[in-house]
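J.: Chains as they are written, first to last, in this note's numbering: chain A, 1 to 310; chain B, 1001 to 1338.
Do not take every clue at face value.
Here are some chain A residues pointing at chain B (derived, C-beta under 7 Å) [to be verified]:
no. : residue
1   : Tyr80
2   : Thr196
3   : Leu281
The set of hints was computed from the structure by calculation and includes no laboratory data.
All residues carry an ideal CB built from backbone N, CA and C; glycine is no exception.
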Amino acid sequence: MAAVSANALTGVRSDRHESTNLRNKSWLSCFRVFVAVAGLLATSASPRAAASRVISIIPATTEMLFAMGAGDRLVGVGTYDRFPPEVDGLPRVGALLDPNVERILALRPDLVILYGTQADLRQQLERAHVPYYPYVHRGLADITQTIRSLGARVGVEAAGNALADRIERQLADIRSRTASSGRPKTLLVFGREPGTLRNIDASGGVGFLHDMVEAAGGANVLADVKQQSVMLSTELVLARAPEVIIELRYARGDATAPADLRAWDALPAIPAVKSHRVFMLQGEEFVVPGPRVVVATERLAKTLHPELFK
Amino acid sequence: MAAPTDLRRRLLATVAGFGALTIAVCLTAPLIGSTTIHLSRVFDRTIPFADNVDAQVFFVARLPRVLASVLVGSAFAIAGVVFQAFLRNPLASPDTLGVSSGATLGAVVVITFHIDSAVLGVSAVPVATFAGAAGALGIVYAMSIARRRGTSSTVLLLAGVALSAFLGALNRFIQVLGDYTDTFRSIRWMMGSMDVGSYTDIVVALVPIAAACIAIGTLPRELDLVSIGAEAAESRGVDVRKAERVALVSASLLTGSAVSLGGPIPFVGIIVPHIVRLIVGADHRLVLPAAALFGGAFLVICDVIARTAFGAAGMPVGAITAFLGGPFFLWLLFRRMR
Chain A
1 MAAVSANALT GVRSDRHEST NLRNKSWLSC FRVFVAVAGL LATSASPRAA ASRVISIIPA
61 TTEMLFAMGA GDRLVGVGTY DRFPPEVDGL PRVGALLDPN VERILALRPD LVILYGTQAD
121 LRQQLERAHV PYYPYVHRGL ADITQTIRSL GARVGVEAAG NALADRIERQ LADIRSRTAS
181 SGRPKTLLVF GREPGTLRNI DASGGVGFLH DMVEAAGGAN VLADVKQQSV MLSTELVLAR
241 APEVIIELRY ARGDATAPAD LRAWDALPAI PAVKSHRVFM LQGEEFVVPG PRVVVATERL
301 AKTLHPELFK
Chain B
1001 MAAPTDLRRR LLATVAGFGA LTIAVCLTAP LIGSTTIHLS RVFDRTIPFA DNVDAQVFFV
1061 ARLPRVLASV LVGSAFAIAG VVFQAFLRNP LASPDTLGVS SGATLGAVVV ITFHIDSAVL
1121 GVSAVPVATF AGAAGALGIV YAMSIARRRG TSSTVLLLAG VALSAFLGAL NRFIQVLGDY
1181 TDTFRSIRWM MGSMDVGSYT DIVVALVPIA AACIAIGTLP RELDLVSIGA EAAESRGVDV
1241 RKAERVALVS ASLLTGSAVS LGGPIPFVGI IVPHIVRLIV GADHRLVLPA AALFGGAFLV
1301 ICDVIARTAF GAAGMPVGAI TAFLGGPFFL WLLFRRMR
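The shape of chain A in the complex, shown without the other chains:
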C-alpha cells in the first residue's frame, strides 16, 4: 500500500520535472528506489505488527480467538466454523481442502490463520504479501501453546496467556481428581459404519484425543500405535480387550445414535461389552482442539470415573 502511494507520488513529481537536468533525474531515481524499499520493508514488517483483520480457516483457532476476546478482529472464517454462535455472521472463505483465495484476498486481511499443510494457499498469500499463521493439530500442550502465541500475534497477549493458564489449570484439576483411581483400558472410537463394526477409526497414541483420554484418567489401549488415527479391525479390538469403549459423535441431537452401540454386542468377550461400559458422547468439542478441550476432557473423565463426579 505504502509502495503504491509512493509510486503515485513520484509519478506526479516526474511529470512536473520533465524538463529538469540529468542531476535532478538521478535524485528522483534515488528517491523512487528509497520509497520502494521503504514500502517493501513496511509490507514485510507487517507480520510482526498486531493483526486487526484476521481470517481463521481452522475451527479451533476461531474458537481460541473468541475465547481470548479477540473475536472482533475476525473478518472471515472457515466453512466448518460453528462455534461460538457469533461466527454465523462472518463471511466464509472455504476450508482445509478448498480455501477460496479470491475471497480471502478481497477481505484485505492482515493475518490469515491456516493449516500447516495448506502449501498452495501459503504460497499464494506470500505472493500477495499477506502474513499468515500456520497451525497444526497436535496434543493438548500444543493447544495452550498456540493460544499464547496467537494471543501475542493479534495483540491480546495478556488475555491469551490468561486463557492458556486457565485451561492448563482446569486440565490439571481433572488429572489430579482422577489420579487416585484406577486407569481403565479405554478405546476411543471416533468413526464407524453405523449398525456394524466396519471401518472403525480410533484414536492412536498421538494427538489431542489420546491426551484427553489420558488426562481423564484412562489408559488408551492403542497408546503404542504412534498415529493420531488408527484403522481398527475387530480382531485388534478383541486383542486389546478394552475395559471401556467410548464412541464420539460430533453432531448433537441424534437420538438414534446411542442405540447404535448395540453393534458392539457382536464381540461379547470384550470386557467393556461384558460390563456394559460402552458409551457414546456427542458434541463438537471432541473434534475441535480449542478452548473447549476442558469440557471434552471433563465429559470423558465423568464417563470413565462416574464415582468421582457425583
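Following the hints, complete the assembly by docking chain B onto the known chain A.
T.: For chain B alone, kept in the frame of chain A given last:
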C-alpha cells in the same frame, strides 16, 4: 478347439489345481493374524462363546473376512474376464462401464448427507452402494440395448469410460459438500475393507453374485467367439446382442455386489484374468473357473498381508492389491508395447 476328452481333462486339472490353492489359502488364512489363537480353544464347546476370545477372533474377526475376500475376489475376477472378452480390450476392468463408480457414489451420498444410520441393524452404506451400482447398471443396460449392429465395442467402452468419469466427478462434488469428517469417512470407505464383521452382509451379497455366476456360466463359448470378433461369432450362430446383454449385466451385477461388500478394491478384476490366461490359455471354459478360484485366493492373500504385515494399525486391502497389481499392470503394458 480342444477335443472333448482333452478339454475335460484340462478342466479337471484346472479346477483341481486352483481349487486346491483356494482351499489351502482359505483354511490357512483364519489361522494367521495379529493375535495368537489356539484351535483347541476355538472349538472348545465347554467355554461359553461370550467368554471365548479365541472363538470370537476366529468366527467374528477372521472367518467373515476370509469368506468376504473369497467372494469379492471371485466376483471381481469373473467380471474382469467378461468385460475383457466382450469389450475385446485387455485393459477393461470391472469399473470400465462405471458400475464401481456408481456404487461409490451411493456410499458417498449416504455418508455425506448423514443418511447412513442403521435400519434393523443393517448399515445403509452397502444398501446405497448396491443402489448406486444398480443405477449405473441401468445405464449400462440401456447402452447395450441402444447399441446397433455394427457399432463397435470401442463405442461402448468409450461410453463406459465417460460414464465412469462423470460419476467420479459427481463423487468429488458431493465430497466437497460434506464436512471434513464426512470426507474422511468417504475416503476411508473407498480404500476398501474386508473386515465385514458379520455374516449377514456376506449372505446378502452372495445371492446376486451366485445368480450372475450362473448366467455367465452359460456363456463360455460365446465369450470365446466374441473375443475374436462379433462378426465371426455371428457367423457361427451366436446371438451376439443377447449374449452381450446377459454378460454385461451379469458382470455389472457382480461388480456392484462386490463393491457393496468390500468397497471399490482396485486391480483384482484386471490382473487376475491376465494371470489366469497366462496359466490356462484363452479358452473361457477354463478361464472362468480358474479366475473365480484364483481371484478369491488372491484377495484372501492380500487381506492377510493387509492385516498382519503392517503392525497393529494394518493397511487397507485396496492398497495391497494396487501395490501388487500396479507393477504387474505396468509389465503388461510394456509387454504389449514390445
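J.: Hints first: check each against the structure and report whether it holds.
T.: Going through the hints against the structure:
{"no.": "1", "hint": "Tyr80", "in the structure": "5 Å, holds"}
{"no.": "2", "hint": "Thr196", "in the structure": "5 Å, holds"}
{"no.": "3", "hint": "Leu281", "in the structure": "15 Å, violated"}
The structure shown violates just one earlier hint, number 3.
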